[in-house]
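Read off the chains here:
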Amino acid sequence: MNATEARKQRQAAKQKSLSTRLREDGDMARRIDTYVEELRLEQQFIDAMQAQNITGAELARRTKSKPAAISRDLAGGLSSAKLGRVRQMAAAVGYDVLTVLVPRDPNERRKTIAKVSRELGLGNK
Amino acid sequence: MGVKRTSDDLDIYVGLVRSFEWFWAASDEMPGLDAFEALSADGKAAMMATFEHWGDLELGKRVSETRVNEEHPDPKILAAKAGKHRFAMFHAGDNAWIVCRYYEKRKQKLDKVGKTAIKLTIEDKKEYEERVSTGDYYERH
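Protein chains in written order, with this note's numbering: chain F, 123 to 247; chain C, -17 to 123.
The set of hints was computed from the structure by calculation and includes no laboratory data.
There's no promise every hint is true.
With a straight-line Cα cutoff of 30 angstroms, these simulated DSS-like cross-link-like pairs (lysine-lysine) come out [unchecked claim]: (1) K43/C x K87/C; (2) K188/F x K89/C; (3) K(-14)/C x K138/F; (4) K26/C x K66/C; (5) K58/C x K97/C; (6) K204/F x K89/C; (7) K204/F x K186/F; (8) K87/C x K204/F; (9) K43/C x K138/F; (10) K87/C x K130/F; (11) K66/C x K188/F; (12) K204/F x K26/C; (13) K188/F x K87/C; (14) K108/C x K91/C; (15) K43/C x K186/F; (16) K43/C x K204/F; (17) K26/C x K138/F; (18) K97/C x K130/F; (19) K43/C x K108/C; (20) K(-14)/C x K43/C; (21) K89/C x K130/F; (22) K204/F x K108/C; (23) K26/C x K97/C; (24) K(-14)/C x K91/C; (25) K130/F x K91/C; (26) K(-14)/C x K130/F; (27) K97/C x K87/C; (28) K58/C x K(-14)/C; (29) K101/C x K87/C; (30) K58/C x K138/F; (31) K136/F x K(-14)/C; (32) K26/C x K136/F; (33) K188/F x K(-14)/C; (34) K66/C x K138/F; (35) K138/F x K108/C; (36) K188/F x K91/C.
Quick list of the computed label-pair ranges, beta carbon to beta carbon [claimed, not checked]: (37) K108/C x Q137/F: 23 to 29 angstroms; (38) R209/F x E109/C: 25 to 31 angstroms; (39) K108/C x R240/F: 26 to 32 angstroms; (40) A23/C x R226/F: 27 to 33 angstroms.
Where a beta carbon is used, it is the ideal one built from N, C-alpha and C, also for glycine.
Just chain F, same shape as in the assembly (with noise of 0.2 angstroms):
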């Protein structure tokens, strides 16, 4: 039995894996949920960077910053950045910066991102 079939088998078996077992701990799913934004957030820059061709340098050049500055924010550096900071980089690779503030109360912040979804025309038409 190879690692897939293997896996296969466990899902039969309903075995949680260790992510599943975490996050039924609130506190550690709100964590857990905070870095994967911050990787999000990064993915989405490396992203554009690699679609565009822009290397560190260009985007240092682009945003009057040191190239180290520039491997700082994207190396988690963005978690702690300005928000003016993020929209400048933003700007650089040609993109604008959208900010949510979503309730954590279930049915709020389902109605929320649905005003927002529709807001932004991302709704079924």
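Go by the hints and put chain C onto chain F.
This is chain C only, laid out in the frame that chain F set:
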């Protein structure tokens, strides 16, 4: 001496694109899981975020070297990273990754502890492949 584990402990994260599981030694120990359990709550969250993010990332998209980095070219050993924490892993086919050894980054370059972790991961890979081919890696009770 590590904790004896069962297949219930194997899966770390089954992502949309990649899945991660702990290396399960012949002694039934999972050295990676022992190390993970010793991390702080924040360390665990940061490390799990790296697995989840990379696990869901589309093939062909570049991931930051500060999150996943090649530590050994042949056999290919990668490290999943979060802050100073590193978990060395190898590819087991079909987008499955086996996570083996933990080490901390202390210097810019891989130090003695890191090199030992990579060396052990290469040995783990060999053991894994041999035992999977003889059908006694996953098939234990």
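Next on the checklist: What's the verdict on K136/F and K(-14)/C, does the C-alpha distance respect the 30 angstroms limit or exceed it?
Outcome noted: Satisfied, since the Cα-Cα distance of roughly 21 angstroms is no more than 30 angstroms.
Return holds or violated for the Cβ distance of K108/C and R240/F against the range 26 to 32 angstroms.
-> About 56 angstroms separates the Cβ atoms of K108/C and R240/F, which means 26 to 32 angstroms is violated.
Taken at face value, is the distance from the CA of K188/F to the CA of K66/C at most 30 angstroms? holds (24 angstroms)
*asked:* With the threshold set at 30 angstroms, check whether the alpha-carbon distance from K101/C to K87/C stays at or below it.
replied: Holds, at roughly 16 angstroms.
>> For K204/F and K186/F, compute the direct alpha-carbon distance and say whether it is at most 30 angstroms.
In response: holds (16 angstroms)
Worksheet item: Would the pair K97/C and K87/C pass a check requiring their Cα atoms to be no farther apart than 30 angstroms?
Response: holds (11 angstroms)
Check: Does the alpha-carbon distance linking K43/C and K138/F stay inside the 30 angstroms limit?
Finding: holds (28 angstroms)
| field | Hinted pair K43/C and K204/F, Cα distance within 30 angstroms | value | Since the Cα atoms of K43/C and K204/F sit roughly 26 angstroms apart, the hinted pair holds (cutoff 30 angstroms).
inquiry  = Hint check: K66/C vs K138/F, CA-CA at most 30 angstroms. Holds or violated?
reply    = holds (27 angstroms)
>> For a C-alpha distance cap of 30 angstroms, please report whether K26/C and K97/C respect it.
In response: The hint holds at about 23 angstroms.
Problem set entry | Pair hint outcome, K89/C versus K130/F [Cα-Cα no greater than 30 angstroms] | Outside the cut-off at roughly 40 angstroms; violated.
Task: Proposed proximity, K186/F with K43/C (alpha carbon, max 30 angstroms) - done: Judged against 30 angstroms, a Cα distance of about 27 angstroms means the pair holds.
In summary, the numbered hints that this structure violates are 10, 18, 20, 21, 22, 24, 25, 33, 38, 39, 40.
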